[in-house]
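**Student:** Model the full assembly from the supplied sequences, consistent with the hints where possible.
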Amino acid sequence: MKKILLIWVLFIGSHISYAQYQGEWRAQLATEYGTGTNLFGMGLLSEYFIIDRLSVVPSIMVLLPETGKATNLHVDARYYFNEGTSQLYGLLGFNYYRRRLEFAGENDNLIQSPGLNVGGGYNYRISEEFSLDAQIKFQPQNNNNLVIGVGINYHIN
Amino acid sequence: MYLSKFAKQNLLALGICFWTISAFGQGDAPQQFIPSERTNLLATTESWNGLYLKFRLGDRWLWYQENHYRRRSSVDNRGDFIGRMSQIYNRFGFTYLARDNFEITFGPTLVWNFTPDPGNPEFVTSTLEPRFWHQWLLVQPMGRVKLFHQFRFEHRFKRDNNVGAPYNYTDRFRYKVYAYIPINKPRMENHTFFISPSNEIFFETGSHITDILEENRIYTAIGYTHNNFMFFGGHMWTYGPSAIPAEYRQRHIIRLNVMYTLDFRDSRNVRRALVR
Chain A
1 MKKILLIWVL
11 FIGSHISYAQ
21 YQGEWRAQLA
31 TEYGTGTNLF
41 GMGLLSEYFI
51 IDRLSVVPSI
61 MVLLPETGKA
71 TNLHVDARYY
81 FNEGTSQLYG
91 LLGFNYYRRR
101 LEFAGENDNL
111 IQSPGLNVGG
121 GYNYRISEEF
131 SLDAQIKFQP
141 QNNNNLVIGV
151 GINYHIN
Chain B
1001 MYLSKFAKQN
1011 LLALGICFWT
1021 ISAFGQGDAP
1031 QQFIPSERTN
1041 LLATTESWNG
1051 LYLKFRLGDR
1061 WLWYQENHYR
1071 RRSSVDNRGD
1081 FIGRMSQIYN
1091 RFGFTYLARD
1101 NFEITFGPTL
1111 VWNFTPDPGN
1121 PEFVTSTLEP
1131 RFWHQWLLVQ
1141 PMGRVKLFHQ
1151 FRFEHRFKRD
1161 NNVGAPYNYT
1171 DRFRYKVYAY
1181 IPINKPRMEN
1191 HTFFISPSNE
1201 IFFETGSHIT
1211 DILEENRIYT
1221 AIGYTHNNFM
1231 FFGGHMWTYG
1241 PSAIPAEYRQ
1251 RHIIRLNVMY
1261 TLDFRDSRNV
1271 RRALVR
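First to last, the sequence lines map onto chains A and B.
So for the first sequence, the working numbering puts the first residue at 1; every next one is plus one.
So for the second sequence, the working numbering puts the first residue at 1001; every next one is plus one.
Worth flagging that the hints you see were computed from the coordinates, not collected in a lab.
No residue lacks a Cβ here, since even glycine has one placed at the ideal position from N, Cα and C.
You may find that some hints are simply not true.
Lysine to aspartate or glutamate pairs mimicking DMTMM-like chemistry, simulated, CA-CA at most 25 angstroms apart [what the hints assert, rightly or not]:
id, chain 1, residue 1, chain 2, residue 2
1, B, K1054, A, E24
2, B, K1054, B, D1263
3, B, K1158, B, E1215
4, B, K1146, B, E1204
5, B, K1158, A, E24
6, A, K69, B, E1215
7, B, K1054, A, E66
8, A, K69, B, D1263
9, B, K1054, A, E129
10, B, K1158, B, E1204
11, A, K69, A, E102
Which bits of chain A does chain B cover? Going by a derived footprint, with three or more residues having C-beta under 8 angstroms, they are [to be verified]:
id, segment
12, 59 to 67
13, 117 to 131
Restraint-style ranges between C-beta atoms, simulated for each label pair [to be verified]:
id, chain 1, residue 1, chain 2, residue 2, range
14, A, P114, B, Y1069, 29 to 37 angstroms
15, B, G1164, A, T31, 38 to 46 angstroms
16, B, A1179, A, T35, 48 to 56 angstroms
17, B, V1075, A, S86, 55 to 63 angstroms
18, A, F103, B, F1153, 28 to 36 angstroms
19, B, L1097, A, S46, 22 to 30 angstroms
20, B, I1183, A, Y48, 41 to 49 angstroms
21, B, N1077, A, P114, 38 to 46 angstroms
22, A, N38, B, G1164, 35 to 43 angstroms
23, A, S86, B, H1235, 23 to 31 angstroms
24, B, Y1239, A, Y48, 22 to 30 angstroms
25, B, L1053, A, I50, 23 to 31 angstroms
**Tutor:** So, in structure tokens, the structure goes:
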């Protein structure tokens, strides 16, 4: 009986330790790669839980083309399906892709593409402070670009 | 094989003959410039303004961040410090406190390098220079003075601002020795005036690099600590080879910095205690 109680306490404890709760803030050092754009980028992401399990995630990614410049701005909503060390989430959001070309004329050297983000991800808690994050997003309005991202989260509060 | 004295003399003459023909036969080849002496360019001036952040994330982890706004002297006035935009410099990293006297930092860097000639269409306004960097810092207490040995390694992807210039990869190896010397207190603490002299040497390797020595920087800062802030600044002199062999450039740089430190550990623990 004592063993069962101990296992139950540990089980509940582990869930409480790594729950998502209203008012929680996270910050992420993030990287991403777009299969359609063939561009790698890095940037910063923040996450705020407006209610338990549901968060708003704005991020800015600086992409690194060989010539010119590119950025990708995302604002996503994430819903976490479970709690604990391993967390799965689905996401839906908005992206704004901006590409400045180096060799085009003044009138056509800027490409701007707003669109939808649909995807999901996986968050693995490695310590009280840190977690690793991997996600994939489909962007149907950006030439079916598939964005793969990995990053490291710091759990601020 | 035995060769007579005559045969040896003939072979020697033949060798000299071939060498002479081959040497004179390269009339169209570019002549390699061999400088006879070192030339020092006149010093230029710059102004570097930096924000440093150190956030204590856990017992052994810190977030480290540098954001610099750097300007340099005008094309036609090398003494004005701020005539042209030079760089926006962003360095981020996680620091792991391995021991009291040893810490490791690693992370990305992203630098905007601005055109050397504003308004010239042959140059793009700015280029991006991403890097990965890691640093190994050893702390050596010496009475009231703390001496630091900083080994920093940067793996850089950099290009010129010329339109269409390719990216080149280089590795940079830096060693900096610096000290914090408190003036009005027995050790570094709140409300301490201090002086911080340093010297840093830069080496660079890469397929297009001709001189492994990149630069030496001598920097003396004075500063003051106030609660979570540290204000410090001073003069830095840099000296190193230019792109032309035996030609050296030098810069006088005024640096003004503020560092802000914050400890997240308490707020996280209190918050979680309230939530649970």
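**Student:** Please go over all the hints and tell whether each is borne out by the structure.
**Tutor:** Each hint, compared with the structure:
1. In summary, the hint linking B:K1054 to A:E24 is supported, as the alpha carbons are separated by about 21 angstroms, within the 25 angstroms threshold.
2. For the suggested pair B:K1054 and B:D1263, the alpha carbons sit about 9 angstroms apart, so the restraint of at most 25 angstroms is met.
3. Proximity of B:K1158 to B:E1215 is assessed by CA-CA distance (about 17 angstroms); at most 25 angstroms being required, the pair is judged to hold.
4. For the given pair, B:K1146 sits about 28 angstroms from B:E1204 by alpha-carbon distance, which is inconsistent with the 25 angstroms threshold.
5. Straight-line distance between C-alpha atoms of B:K1158 and A:E24 comes to about 38 angstroms, which puts the hinted pair past the 25 angstroms bound.
6. Distance check on the hinted pair: A:K69 and B:E1215 sit about 29 angstroms apart at the alpha-carbon level, beyond 25 angstroms; violated.
7. A hinted pair counts as satisfied when its Cα atoms are at most 25 angstroms apart, and B:K1054 with A:E66 does not qualify at roughly 32 angstroms.
8. Proposed proximity of A:K69 and B:D1263 is contradicted: the alpha carbons are some 36 angstroms apart, above 25 angstroms.
9. Proximity of B:K1054 to A:E129 is assessed by CA-CA distance (about 16 angstroms); at most 25 angstroms being required, the pair is judged to hold.
10. For the suggested pair B:K1158 and B:E1204, the alpha carbons sit about 13 angstroms apart, so the restraint of at most 25 angstroms is met.
11. Taking the CA atoms of A:K69 and A:E102, the gap is near 8 angstroms; set against the 25 angstroms cutoff, the hint holds.
12. With a threshold of 8 angstroms between beta carbons, the proposed coverage of the segment 59 to 67 of chain A by chain B holds, since 4 of its residues qualify and at least three are required.
13. Here the segment 117 to 131 of chain A counts 4 residues with a CB under 8 angstroms from a CB of chain B, which clears the bar of 3, and the coverage holds.
14. One distance hint, 29 to 37 angstroms for the beta-carbon pair A:P114 and B:Y1069, holds here, with the actual separation near 31 angstroms.
15. For B:G1164 and A:T31, the hinted distance range of 38 to 46 angstroms is not satisfied, since their beta carbons lie about 26 angstroms from each other.
16. The given range of 48 to 56 angstroms is respected by B:A1179 and A:T35, whose C-beta atoms sit roughly 50 angstroms from each other.
17. One distance hint, 55 to 63 angstroms for the beta-carbon pair B:V1075 and A:S86, holds here, with the actual separation near 57 angstroms.
18. The hinted window of 28 to 36 angstroms between A:F103 and B:F1153 holds, with their beta carbons roughly 34 angstroms apart.
19. Checked against the hint of 22 to 30 angstroms, the C-beta distance between B:L1097 and A:S46 comes to roughly 25 angstroms, which is consistent with it.
20. Restraint check, B:I1183 to A:Y48: a C-beta distance of roughly 44 angstroms satisfies the suggested window 41 to 49 angstroms.
21. Distance hint for B:N1077 and A:P114: a CB-CB separation of about 44 angstroms, consistent with the stated range 38 to 46 angstroms.
22. One distance hint, 35 to 43 angstroms for the beta-carbon pair A:N38 and B:G1164, is violated here, with the actual separation near 19 angstroms.
23. Distance hint check for A:S86 and B:H1235: the Cβ-Cβ separation is about 53 angstroms, which falls outside the suggested range of 23 to 31 angstroms.
24. For B:Y1239 and A:Y48, the Cβ-Cβ distance of about 48 angstroms falls outside the hinted range of 22 to 30 angstroms, so the restraint is violated.
25. Look at B:L1053 against A:I50: about 27 angstroms separates their beta carbons, and that is inside 23 to 31 angstroms.
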